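Those protein sequence lines, which keep their order, are chains A and B.
Read in order, the letters of the first sequence correspond to residues 1 to 342 in my numbering.
Read in order, the letters of the second sequence correspond to residues 1 to 251 in my numbering.
Please keep in mind that the hints were generated in silico from the structure rather than gathered at the bench.
None of these values were measured; they are calculated from a predicted model.
Careful, some of the hints might be misleading.
[Said to hold, decoys possible] What the simulated footprint calls covered on chain A by chain B, stretch by stretch (three residues with Cβ under 8 Å from a Cβ of chain B suffice, anywhere in the stretch; the number is not a length):
1) 11-19
2) 185-199
3) 212-223
Here a beta-carbon is modelled for each residue, glycine too, at the ideal position from N, C-alpha and C.
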Amino acid sequence: MSASSDVGYHAQRQARWHYGEAAFWLIVLACGFAFPTRYLIMTDILRLALFAMSLDLILGYAGIVSLGHAAFFGVGAYAAGLLALHGIINEPVLALVVAGLAAMVLGFATSFLVIRGVDLTRLMVTLGIALLLEALAERFSNITGGTDGLQGIEMQPIFGEVPFDMFGKTGFFYSLAVLFLLFLFARRVVHSPFGLSLRAIKNNPLRAAAIGIPVNRRLIAIYTLAAFYAGIAGALFAQTTAIASLDVFAFERSADLMLVLVIGGTGYLYGGLVGAVLFRLLQELFSTITPQYWQFWIGLVLVVIVLVGRQRLHRWMLYVPNLVIRQIAGRKAVVAVPESDT
Amino acid sequence: MTIALETQNLEKQFGGLRVTRDLSLKIEQGARHALIGPNGAGKTTVINQLTGVLKPNSGRILLEGQDITDLAVHKRVLRGLSRTFQINQLYPDLTPLETIGLAVSERLGHGGDWWRRMGTRNDVNDEIADLLTRFHLLDAMNEQTVTLPYGKQRLLEIAVAIAGKPRVLLLDEPAAGVPESERHDILAVVGSLPRDVTVLLIEHDMDLVFSFADRISVLVSGALLTEGPPEQVARDPQVKAVYLGEEPVNV
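Just need the whole structure built from these sequences, with the hints factored in.
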């Protein structure tokens, strides 16, 4: 192999689909058939996963920290809720896209504030924007329904064909389809030169500029895209639960999202998905065991993760599967610890 | 003779401290120009102004006759002005392949492409392969940069700057901190830069300066002390006094 084709081969190494990835999505799909009584919680996990993937795009790839990502989630949720409530756009998929675009506009507008600062400033600015929106939603209760939220949302069938059912089956598969499509898109983006330049900016903004990368423009672009994703997650929330209330903007929502990424890891897109599953399962588990003190146990888990290090945990967890793969396939582990996961 | 890079009466102050004093430099097209001076003479501050990291308080900077004083860092790069850093400024998590691939992509205008995957453009791949080979990084192309030996990181540092196909290249102490055993590669690489690239070298290592440069400017306390061909600078009593000590220099 010539050096050049060798380079091309290795440059696409991470962009290629791995067996593990295909298995992951097949398992998710299988869950939809295996647990027909659990659609509501599973749909909740899918939404959280999409929301977390949105934060991963800016945090894991571009290194922008945010404590106010719920701002976009909330705008998406209210936009979708209002569109359905007033019958402005009745078709859910179209309404979903429009709600996402509304969040995207907000993301673009606020990105200029976010790119100016460093980490601490960014935390405060993003937090502040989410709080501002929450207060605004409360103030304009004639539009948002105030503390009662939007009530009486009735969803029309998807594409005018598939109606939402009371068990949440449609909602689940609808959310899964949206999540998968947006995942494919994000996957494409992060393996492009643009995606690579984001990682370079996260690693070293000074050098990134010194090789000709327009740093601010790239950060604005990814922040705007992430806002679109978060807005879609919020719109899915409003569409599948038929509610939108003030807590879509809540600080806890943004903070939980950070926890999801701490559990799942950042910078390889699956972190948000895996993290969302583990986070909700832990939440369920602990709240069944000790309904009052489940937050204590979540806290303990986080401390352990941070102290032991996610990379080591991954290695322990994947030890047996990798052993099997080596034995059977006679080659190195297919299920690998993501590289940027330190 | 055309002038590749020029500063006119450059001034930079940090608070009350004048770090660059009325500095006027002319660097000729294709020159191997060295900027030397004792520690704290303000050499790196000059580089930072040339590249746009710092804004001068007054004075102009001209690249090939065009005023670039107010241009942003990345725009100067696209105009053909690249630099290396005295302390490696690399991307610890990225591999040499990705690092160089990115620099090449940006130069060819594919940097903002958010759809096509890395590694699918043959012109980019060819260039990456060429650079990795020239800089002895082909074997290490999939290693994370942070795990590379220092000498390799230093080579990568220079390779990244070259990937921008600069017409003017600023080398800020390219051999700094490199162990003796790995030094040879770096000197060879610096020595083999194409002649149409104008090089401004900032260096402490006098062997490197006098073997490489055809013109030397001496900076002391932010001001230009003297300038001339190496033999003349080496003989200059002022230079000996402030910089080279009292020992005679072998050229």
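Count the residues of the stretch 11-19 of chain A whose CB lies closer than 8 Å to any CB of chain B, then report whether that count reaches three. Per the Cβ count (4), the hint holds.
8 Å C-beta criterion, at least three residues: is the stretch 185-199 of chain A covered by chain B: holds (count 10)
Assertion that chain B covers the stretch 212-223 of chain A - criterion: three or more residues, beta-carbon distance below 8 Å: holds (count 7)
Of the numbered hints listed earlier, not one is contradicted by the structure.
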